[in-house]
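Novice: Protein chains in written order, with my numbering: chain A, 1 to 111; chain B, 1 to 116.
FYI, nobody ran anything at the bench for these hints, they're computed from the structure.
Be careful, since some hints might not be right.
What the hints assert, rightly or not - Chain A side only, calculated, beta carbon under 10 Å to chain B, not exhaustive:
| id | residue |
| --- | --- |
| 1 | C12 |
| 2 | A17 |
| 3 | P21 |
| 4 | Y34 |
| 5 | S41 |
| 6 | Q42 |
| 7 | Y46 |
| 8 | G102 |
| 9 | T103 |
Said to hold, decoys possible - Here are a few chain B residues that sit away from chain A, every Cβ distance over 12 Å (derived from the structure):
| id | residue |
| --- | --- |
| 10 | K11 |
| 11 | E14 |
| 12 | E20 |
| 13 | N52 |
| 14 | T76 |
| 15 | S87 |
| 16 | L116 |
The beta carbon of each residue, even a glycine, is placed where N, CA and C say it ideally should be.
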Amino acid sequence: DAKTTQPPSMDCAEGRAANLPCNHSTISGNEYVYWYRQIHSQGPQYIIHGLKNNETNEMASLIITEDRKSSTLILPHATLRDTAVYYCILISNFGNEKLTFGTGTRLTIIP
Amino acid sequence: GAGVSQSPSNKVTEKGKDVELRCDPISGHTALYWYRQSLGQGLEFLIYFQGNSAPDKSGLPSDRFSAERTGGSVSTLTIQRTQQEDSAVYLCASSGRDRGGNQPQHFGDGTRLSIL
Numbered sequence: 001d002a003k004t005t006q007p008p009s010m011d012c013a014e015g016r017a018a019n020l021p022c023n024h025s026t027i028s029g030n031e032y033v034y035w036y037r038q039i040h041s042q043g044p045q046y047i048i049h050g051l052k053n054n055e056t057n058e059m060a061s062l063i064i065t066e067d068r069k070s071s072t073l074i075l076p077h078a079t080l081r082d083t084a085v086y087y088c089i090l091i092s093n094f095g096n097e098k099l100t101f102g103t104g105t106r107l108t109i110i111p
Numbered sequence: 001g002a003g004v005s006q007s008p009s010n011k012v013t014e015k016g017k018d019v020e021l022r023c024d025p026i027s028g029h030t031a032l033y034w035y036r037q038s039l040g041q042g043l044e045f046l047i048y049f050q051g052n053s054a055p056d057k058s059g060l061p062s063d064r065f066s067a068e069r070t071g072g073s074v075s076t077l078t079i080q081r082t083q084q085e086d087s088a089v090y091l092c093a094s095s096g097r098d099r100g101g102n103q104p105q106h107f108g109d110g111t112r113l114s115i116l
């Protein structure tokens, strides 16, 4: 059973904010929300992660709801290079995790 | 560069040959992972190293697959007597540790292996 659910695809206009949702209603207390993306022919790229507080780095912002059952990745000013498949996954901090990606969201940035 | 480096980026070989794939992790990262990704498929875990030890080899598909890591740094994944079903992108990732626990895994761009 998938622990996260994401829309299969989204479009966003170049220069606008891209908001990618993720549902994780069965998240455990020790699980972090991680976001990766994979651009065609490249390896997965780490974007951001968080436990319960909102997080921001040079790439994106992560908003996690108070009940932690869902989150949103925000790319503030999308560019064509942000076209990729985005994966939302849950990772516990208690050991080295074997990453498993679901189907993710295919984000297409429209010029 | 400061990222995970994998070589070769592409490898084409005949069925039955042996291949060796190399991964240079980010300097200082103690954990190293090998995955593979087949066309249109998800990520498949192969093996995990902590330092030079491999506490989890559960993902290796058969005894034709082996991996080693020396000096807590470079790792090689070897596939003997390659089969066509071995064709995939082989990805390496590394991560460090801080007081808060594990750090994110950072990936290389993979080796695209094609078995003819």
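Novice: Each hint should be assessed against the structure and marked as holding or not.
Specialist: For each hint, the structure was consulted:
1. Checking A:C12 against chain B by beta carbon gives a least distance of about 24 Å; that is not within 10 Å, so the hint is violated.
2. Below 10 Å, beta-carbon pairs count as interface contacts, and A:A17 has none with chain B, the closest being about 23 Å; its hint is therefore violated.
3. For A:P21, the shortest C-beta to C-beta distance to chain B is roughly 20 Å, which exceeds 10 Å, and the interface hint is violated.
4. The beta carbon of A:Y34 comes within 7 Å of a beta carbon in chain B, closer than 10 Å, and the hint placing it at the interface holds.
5. Against a cut-off of 10 Å between C-beta atoms, the interface hint on A:S41 holds, since the closest Cβ of chain B lies about 8 Å away.
6. The closest approach between the C-beta of A:Q42 and any C-beta of chain B is roughly 5 Å, which is under the 10 Å cut-off, so the hint is satisfied.
7. The beta carbon of A:Y46 comes within 4 Å of a beta carbon in chain B, closer than 10 Å, and the hint placing it at the interface holds.
8. Taking 10 Å as the C-beta cut-off, the interface hint given for A:G102 holds, the closest approach to chain B being about 7 Å.
9. At its closest, the beta carbon of A:T103 sits 8 Å from a beta carbon of chain B; the interface hint therefore holds under the 10 Å criterion.
10. With a least beta-carbon separation of about 15 Å from chain A, B:K11 lies farther than 12 Å from that chain, consistent with its non-interface assignment.
11. Listed as a non-interface residue, B:E14 keeps its Cβ farther than 12 Å from every Cβ of chain A; the least gap is roughly 24 Å.
12. With a closest Cβ-Cβ approach of about 19 Å to chain A, B:E20 is found to remain outside the 12 Å limit, as its non-interface label requires.
13. At roughly 15 Å, the least C-beta separation between B:N52 and chain A is larger than 12 Å, which holds for a residue marked as non-interface.
14. Look at B:T76: its CB is around 18 Å from the nearest CB on chain A, clear of 12 Å, so calling it non-interface holds up.
15. At roughly 15 Å from the closest C-beta of chain A, the C-beta of B:S87 stays outside 12 Å, upholding its exclusion from the interface.
16. The Cβ of B:L116 sits about 20 Å from the closest Cβ of chain A, beyond the 12 Å cut-off, so the non-interface label holds.
When the structure is compared with the earlier hints, violations turn up for hints 1, 2 and 3 and for no others.
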